[in-house]
Amino acid sequence: MQSHVFEGGFSDLPVEASHAFRAVMTTMARPGEIASVSGARPPAPMSVAAGVVLLTLCDSETPIYLAPSHDMPQVRDWITFHTGAPFTSAQRAAFALGVWNDLPISDFPVGTAEYPDRSTTVIVERQTLSNTGAVLNGPGIKDHAQLSLPETETFQTNTELFPLGLDFIFTCNDRLAALPRTTRVR
Amino acid sequence: MSDYNFAYLDEQTKRMIRRAILKGLAIPGYQVPFASREMPMPYGWGTGGVQVSAAVLTPDDTFKVIDQGADDTTNAVSIRRFFQKTAGVAITEATSKASVIQTRHRIPEENLRADQILVYQVPIPEPLRFLEPSEVETRKMHALEEYGLMHVKLYEDISQHGDIATAYAYPVKVEGRYVMDPSPIPKFDNPKLEMAGIQLFGAGREQRIYAIPPYTQVVSLDFDDYPFQPTKADHACDLCAAEDSYLDELIVDDEGGRMFMCSDTDYCANRRKQGHVGAQGVPYAEDQA
Amino acid sequence: MYVAVKGGERAIDNAHAWLAEERRGDVAVPELSVAQIREQLALAVNRVMAEGSLYDPDLAALAIKQARGDLIEAIFLIRAYRTTLPRFGGSNPIETEDMTCDRRVSATFKDAPGGQILGPTFDYTHRLIDFKLAADGDVGTAPASTPSPIATPHIMSFLDREDLIQKEPAGADIPDDLTRTPLELPANRALRLQSLARGDEGFLLGLAYSTQRGYARNHAFVAELRIGAVAVEMDIPELGFAIEVGEITVTECETVNQFQGSKSQPPQFTRGYGLVFGMTERKAISMALVDRALRWKELGEDNVGAPAQDEEFVLYHSDNIQATGFLEHIKLPHYVDFQSELELIRKLRSEAQENINREVSE
Chain A
1 MQSHVFEGGF
11 SDLPVEASHA
21 FRAVMTTMAR
31 PGEIASVSGA
41 RPPAPMSVAA
51 GVVLLTLCDS
61 ETPIYLAPSH
71 DMPQVRDWIT
81 FHTGAPFTSA
91 QRAAFALGVW
101 NDLPISDFPV
111 GTAEYPDRST
121 TVIVERQTLS
131 NTGAVLNGPG
141 IKDHAQLSLP
151 ETETFQTNTE
161 LFPLGLDFIF
171 TCNDRLAALP
181 RTTRVR
Chain B
1 MSDYNFAYLD
11 EQTKRMIRRA
21 ILKGLAIPGY
31 QVPFASREMP
41 MPYGWGTGGV
51 QVSAAVLTPD
61 DTFKVIDQGA
71 DDTTNAVSIR
81 RFFQKTAGVA
91 ITEATSKASV
101 IQTRHRIPEE
111 NLRADQILVY
121 QVPIPEPLRF
131 LEPSEVETRK
141 MHALEEYGLM
151 HVKLYEDISQ
161 HGDIATAYAY
171 PVKVEGRYVM
181 DPSPIPKFDN
191 PKLEMAGIQL
201 FGAGREQRIY
211 AIPPYTQVVS
221 LDFDDYPFQP
231 TKADHACDLC
241 AAEDSYLDEL
251 IVDDEGGRMF
261 MCSDTDYCAN
271 RRKQGHVGAQ
281 GVPYAEDQA
Chain C
1 MYVAVKGGER
11 AIDNAHAWLA
21 EERRGDVAVP
31 ELSVAQIREQ
41 LALAVNRVMA
51 EGSLYDPDLA
61 ALAIKQARGD
71 LIEAIFLIRA
81 YRTTLPRFGG
91 SNPIETEDMT
101 CDRRVSATFK
111 DAPGGQILGP
121 TFDYTHRLID
131 FKLAADGDVG
141 TAPASTPSPI
151 ATPHIMSFLD
161 REDLIQKEPA
171 GADIPDDLTR
181 TPLELPANRA
191 LRLQSLARGD
201 EGFLLGLAYS
211 TQRGYARNHA
221 FVAELRIGAV
231 AVEMDIPELG
241 FAIEVGEITV
251 TECETVNQFQ
261 GSKSQPPQFT
271 RGYGLVFGMT
281 ERKAISMALV
291 DRALRWKELG
301 EDNVGAPAQD
311 EEFVLYHSDN
321 IQATGFLEHI
331 KLPHYVDFQS
341 ELELIRKLRS
351 EAQENINREV
361 SE
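Going line by line, the protein sequences match chains A, B and C.
All residue numbers for the first sequence refer to the numbering used here, where the first residue is 1 and numbers rise by one.
All residue numbers for the second sequence refer to the numbering used here, where the first residue is 1 and numbers rise by one.
All residue numbers for the third sequence refer to the numbering used here, where the first residue is 1 and numbers rise by one.
These are computed hints drawn from the structure, not numbers from a lab.
One or more of the hints may lead you astray.
As the list claims (entries may be wrong) - Here's a subset of chain C near chain B, in silico, CB distances under 10 angstroms, partners left out:
1) E9
2) I12
3) L77
4) R82
5) P86
6) L185
7) P186
8) D310
9) Y316
10) T324
11) E328
12) H329
13) I345
Said to hold, decoys possible - Pair ranges (Cβ atoms, derived):
14) A:D107 - C:A11: 57 to 67 angstroms
15) C:M234 - A:P109: 33 to 43 angstroms
16) C:F241 - B:E137: 40 to 50 angstroms
17) A:H4 - C:P149: 48 to 58 angstroms
18) C:K331 - B:D254: 21 to 31 angstroms
19) A:S60 - C:M234: 17 to 27 angstroms
20) A:R92 - B:E194: 33 to 43 angstroms
21) A:P109 - C:S148: 53 to 63 angstroms
22) A:D107 - C:M234: 35 to 45 angstroms
23) C:K331 - B:V219: 31 to 41 angstroms
24) C:L185 - B:E146: 11 to 21 angstroms
Ideal placement from N, C-alpha and C gives every residue a C-beta, glycine not left out.
Just chain A, with the same shape it has in the complex:
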């Protein structure tokens, strides 16, 4: 392990994690809203925001799937050191991380009828993130919102699975937005 693996975590875990969670929670509650986060300095190609999300939500109880775009030693080592989360296949992932085209969306668990919460939260690394493009409505959105999604069809299919389905967090540098399964996309 290289020494930088030990760096880039939260310096004041309880406080930084509390702010980070509020950002994640607010964006999950208000799909389309974009929030800035800070505190993590993960190795490339991980964004600051993706690092913050993992530090805030992941530990030994949450198996992580890394898409090929992120499945590399420095990323694995950093996640292992800072979260203790085990790595797993897409089929068993509590969290998944990668760029859109590398994520095997149809392989992730979408929950069961009795436990729809047992589904993957997918962290999608984006080059850009803005309130343009796809039009969103549903819970958390007053009239409608807009978010620059990588596509629309996958999310439309996902919404049809409700109450099952995947929940997405989009990360770009130090910013993030979320798209739960309830959001209707057009």
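With chain A held as given, fit chains B and C onto it using these hints.
Below, chains B and C without anything else, positioned relative to chain A:
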């Protein structure tokens, strides 16, 4: 501050609760199981709400706690002190100044804003529990969206009493899918469940967390010929003269004489500050010495 | 004119101050030390450790002192403290066969290797109040002998050798932890046993008794009840072997119950199991009976609808901290929901009265 971790819970526990909150928001009205911890206060006294608040609070928050709408009830005082001690957060009794509000049995009268979070303490999260005691069975019913039992119950009420005989913890359907218990708020508060703020529900003993994101559709169950009606005592507040607030009834003399006052103490105080005086009230300044 | 009642903060402070005073009682009477409680109220300490799920006699004794002798309150203090403790790892399973037995009785065999050891039991005391204890007094010393260095085999192992007792399937290597994962039903036996081990003694006693009286009757013989100290070992990965980290006293009860058989399998006895921290034999026996009753499905028995057979009923109601919290919460203010009921019942009554009046006038 104290020797405890920020907001008492260890970070692993907070992560577990935070993950449950996110899934709750993603599946509005669905009860997410979580490994509730044994808190230093009794089950049934807000351990679920306390754990949710502990997972949500940041040091920058301003925290308000109400029980029965009032900030000064003993259990509200106790919970507020707990977070003053373990999280060092600012506290307030003013609804408009609070960023996180923990509540038992009421939704504040004042409309909550988008930047406010309401955390409910929930005793029995399962709306079907009193009709079917088995968790295995009720979980199946939710999975199959089989809510016939609930409609039968409401219908039987009507045939027996001529009305739906549920006055609090009145069941709602969230976003057209899950039937949810809004906690034992009076049905007067049900229309406020559609709001701009984020609503989180914590049931510690029963190990469930659920949520309603802002602007989510929340419909109180009813029938076309017996539409849902939010009700309150047919009086004005005797202290501030408000006619639109939920009222507590007080017995004031040996003859059983009654008076009514706002259950939301902050709302009542604000109205009195603005000069409203009820039938038995005194101007605001006189009792603040 | 009415001025709203306030004063929750002051009421709490005053109540706590008064409580502290009451806890101490008459200051002319010497204060109890934690060591006195630990040594002289050891069975109370044991119950608090068992249901508090934390083996620490000094802490349990302190909790009893703080709780003014209310054991459920003391258990609550221990539980709340326990949750905050960091976890370094899990111990290896304890080997009760290697126990240094203070007590070991079998109701199924008159004698067996290791012998019957009556131990320090109330069993054959006449329950006559001993007024000598009211005065200070020295006790004589009990006769002593050296503990046997040889392991005491389980009585069950003799039945096992003959294939007379049902085999236990090996469970998952590391069972789930009831205090770290939400209970999901149906629960496996490891989780049920965890729940029973920390469940309320009185509740389990009542359930166990109900099975004896015919609510899922399954006559139990106490094959063995043993109480004594066992070593707790933990694997240390850095060392590559296990080291002893301490010693705890436990009570273990194994029951032999009515047999089952089928066309493919000759009849065999079945078993119930109880294991509890400390010297807690009433609880351990109750646990074994309830464990056995809960096993009806895996043993191919009928569900007769008895409470002790209903896993959900037993597991959701055996925890006295959950139960007492929820029970006692009804003394908290419920003005708001009661008010909504008041309005409703007044409305329903006035409508009903109108109907009656109308019918009378018609």
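- [ ] Hints the structure violates: just list their numbers, smallest first.
- [x] none
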